[in-house]
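> If you're matching them up, the sequences are chains F and X in order. Residues in the first sequence are numbered from 1 upward in steps of one, following my numbering. Residues in the second sequence are numbered from 1001 upward in steps of one, following my numbering.
The set of hints was computed from the structure by calculation and includes no laboratory data. Treat the hints loosely; a few may be bogus.
[Unchecked claim] 35 Å max Cα-Cα, derived DSBU-like pairs, lysine-lysine:
#, chain 1, residue 1, chain 2, residue 2
1, X, K1059, F, K31
2, X, K1059, X, K1123
3, F, K62, F, K296
4, F, K435, F, K33
5, F, K270, F, K304
6, F, K62, X, K1123
7, X, K1123, F, K362
8, F, K195, F, K216
9, F, K33, X, K1059
10, F, K193, F, K216
11, F, K317, F, K178
12, F, K304, F, K269
13, F, K193, F, K272
14, F, K317, F, K363
15, F, K195, F, K76
16, F, K466, X, K1123
17, X, K1059, F, K216
18, F, K31, F, K363
19, F, K62, F, K195
20, F, K62, F, K33
21, F, K31, F, K296
22, F, K76, X, K1123
23, F, K64, X, K1059
24, F, K362, F, K33
25, F, K62, F, K216
26, F, K76, F, K62
27, F, K62, F, K193
28, X, K1123, F, K272
29, X, K1059, F, K296
30, F, K296, F, K272
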Amino acid sequence: MSDIGTADHPLRVAIIGAGPAGFYAAEHLFKQKQLSVSVDMYDRLPTPFGLVRLGVAPDHQKIKSVTAVFDRLAQKPNFRFFGYVELGRDLSVADLRNHYHAIIYTTGAQTDRAMNIPGADLIGHHPATEFVAWYNGHPDFRDCQFDLTQERVAVVGIGNVAMDVARILCRTPEELRKTDIADYALEALSQSKVKEVYILGRRGPAQAAFTTPEIKELGEMEDADVFTIPEEVALDPLSEEALAESADRGSMRKVEIIQSYANNRPTGKKRKLTLRFLVSPVELYGDENGHVRAMKLVHNRLVKSSAGSLRAEPTDKTEILQVGLVFRSIGYMGVPLPGVPFNQSWGVILNDGGRVIDPDSKKPVTGEYAAGWIKRGPSGVIGTNKPCAVGTVDLLLEDLQAGALLNPPHPQPEAIAELIAQRQPHFFTYADWQKLDEMEIARGEAQGRPRVKFTSVAEMLAALGKA
Amino acid sequence: MKVQGFLSTRTGGVVTIQPGQTIREAAGLMFQHNIGAVVVLDDQGRIVGILSERDIVRKAVTHDRVFDMAVRDVMTADVVTAVPQDDLMSVAHTMTERRFRHLPIVDEQNNLIGIISIGDVLKAQRDQYRGEIDTLEAQIMAAGT
Ligand SMILES: Cc1cc2nc3c(=O)[nH]c(=O)nc-3n(C[C@H](O)[C@H](O)[C@H](O)COP(=O)(O)OP(=O)(O)OC[C@H]3O[C@@H](n4cnc5c(N)ncnc54)[C@H](O)[C@@H]3O)c2cc1C
Ligand SMILES: NC(=O)c1ccc[n+]([C@@H]2O[C@H](COP(=O)([O-])OP(=O)(O)OC[C@H]3O[C@@H](n4cnc5c(N)ncnc54)[C@H](OP(=O)(O)O)[C@@H]3O)[C@@H](O)[C@H]2O)c1
């Protein structure tokens, strides 16, 4: 199979998942000058871009403009998009192995980490993942219900996702109306009775996972005051020492901003956002109808691990926080794909540097690779997926050189296209997406918004005259 | 980023040796796997030391017959370990500060589940910075089109 990758026998690659990792993998394949390659990219949703469309906050439109780079890639003649085609539902790994020399899984992290405390199953406790998907118009989550008649809300975790969730809860209808937030979410949030939002960090300000622009932005909202508590944001000796030794200006600046919020006084704004540190929820309490009404927090102190990082250790001090709605934002989590080895401990595809590994033989599975969040876990910004995908594709190219890819019986592009047309006649092409994109933008223009999203597959099919 | 994120992409097991084996055997393993250190486990699988290239060189200065010596007599017995929940940044700091080039990673039961080298840590940091720059760059490029 040494002629794979020549004009007569192009290298055929399937990429499963049209998020940043998928596009960066395609980009690196197309960059290989000596290589003739053709890429089919699949997504279970009709629309591409993964979390850039359905995760990145609607009030962060500028970040979403990275899709222009992906758009240009999609114009390559050897690139095809098959939207609304799900691995496991419409296609199996065996189907892919029959049609491609290599498969790259870039399916991201489709669920969230559980919070195993008593009361976690009460009504009114939700994963942030669902709220985020809901306000961004993800077709699978449009029917979610969040009780926004509650006045007091807690967000557990202090990563950037927690910042997004808290911000969206505190924005005014006018602020939200300038964004591409889903119409139903705009409507629901405009009626919101939320008055107080608490963001709960288990460690201190110096260990906060959110980044500096995000914490700064909290203080710039139109109708919400931001507070921190002086005793919680004063650095303990261990943090102080670690910060001084690291000499990391970024982290110092972040701590300064957090501390500055402790001096804030109420200015009469409608909502109040409080960032708490060194507290962990240990139990949720419900009312007679099984709805969350309060949570018990334990106060933590920091201790140093042998490798030098600071972790939270509970003290015997506790408090009760009255809240009627709780979002846990403690991390996303990958889900297994049928027929693909999975590492349960870390919630990723079992892989070594991006090569999928057989759990029994511990040897690479020929022709199968992973990149992005499903390879390394749910952390990092959009661009972090680029070196990650490049690393994976480099291994694929190495295996190509060594003649160690798949030898599929039906590599012709038409063969798989026929199969897809049978299995999922309503699949979406990139041209379909571009039409939807234009329509969304046009609908937005009429309202002075960046776009008005289609949020159900039926709507999208109808708009394209496919239904 | 946490140590866990690094472990997610490492499936190849950790190269280990027993305290009674020779330095010759240890050097053979290091050469064969192209690595700079092996973790020393007792027969119950507990970590009792780490043996690095540097340990061998240091010993060789005073012991001509270093290759015939037992691993236990050359290894560093006081092993600092990391856990998956440790912040990578702090681990990096500890490694540079205390001049460790390798840190075994253990689970809650103290079982060896991985090893991280200073090169791995630096690469992870570099990828993170590069990712942040790429994200900004892509936005600037997009704004220009
Ligand atoms: C709420 C949130 C906000 C964020 N905001 C920012 C930000 O402002 N700036 C920033 O730089 N980064 C941000 N990030 C991080 C960034 O979104 C991620 O780093 C990036 O999207 C991960 O890329 P990925 O390709 O691995 O996964 P994803 O983007 O999740 O893409 C995976 C794709 O695979 C598809 N898929 C899943 N399963 C299947 C299947 N079985 N068959 C076919 N397709 C499938 C999914 O539909 C999805 O389209 C944010 C993340 C979150 C969660
Ligand atoms: N604007 C942006 O650039 C943007 C926006 C959104 C997301 N993102 C990126 O997307 C990635 C994912 O973001 P994320 O917020 O989901 O993850 P994250 O950054 O890993 O943050 C997770 C948070 O949850 C906390 N946590 C974990 N387990 C907990 C528990 N059991 N109890 C209490 N707290 C717990 C963590 O605390 P510990 O640190 O103590 O573990 C941390 O504060 C990140 O890399 C992020 O930067 C970027």
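> Measure nothing beyond the straight line between the CA atoms of F:K317 and F:K363; if it is 35 Å or shorter, mark the hint as holding.
violated, 50 Å
> F:K270 and F:K304: Cα distance at most 35 Å?
At roughly 40 Å apart (the allowed maximum being 35 Å), F:K304 and F:K270 break the hint.
> Check the hint pairing X:K1123 with F:K272 against an upper bound of 35 Å on the C-alpha distance.
violated, 41 Å
> What's the verdict on F:K76 and X:K1123, does the C-alpha distance respect the 35 Å limit or exceed it?
holds, 31 Å
> CA of X:K1123 to CA of F:K362, is that 35 Å or under?
holds, 24 Å
> Need the status of pair X:K1059, X:K1123: alpha-carbon distance at most 35 Å?
Holds, at roughly 30 Å.
> Decide if the proposed pair is consistent with the structure: F:K435 and F:K33, CA atoms, cutoff 35 Å inclusive.
Roughly 31 Å separates the two Cα atoms, so the pair holds.
> Please verify whether F:K195 and F:K76 have alpha carbons no more than 35 Å apart.
Roughly 50 Å between the alpha carbons, so the hint for F:K195 and F:K76 is violated.
> Would you check the hint for F:K31 and F:K363, treating anything up to 35 Å between C-alpha atoms as holding?
holds, 28 Å
> Verify the proposed pairing of F:K193 with F:K216, using a straight-line Cα cut of 35 Å.
holds, 25 Å
> CA of F:K317 to CA of F:K178, is that 35 Å or under?
violated, 44 Å
> Going straight from one Cα to the other, do F:K195 and F:K216 come out at no more than 35 Å?
Roughly 21 Å separates the two Cα atoms, so the pair holds.
Of the numbered hints stated above, those contradicted by the structure are hints 1, 3, 5, 9, 11, 12, 14, 15, 16, 17, 21, 23, 28 and 29, listed in ascending order.
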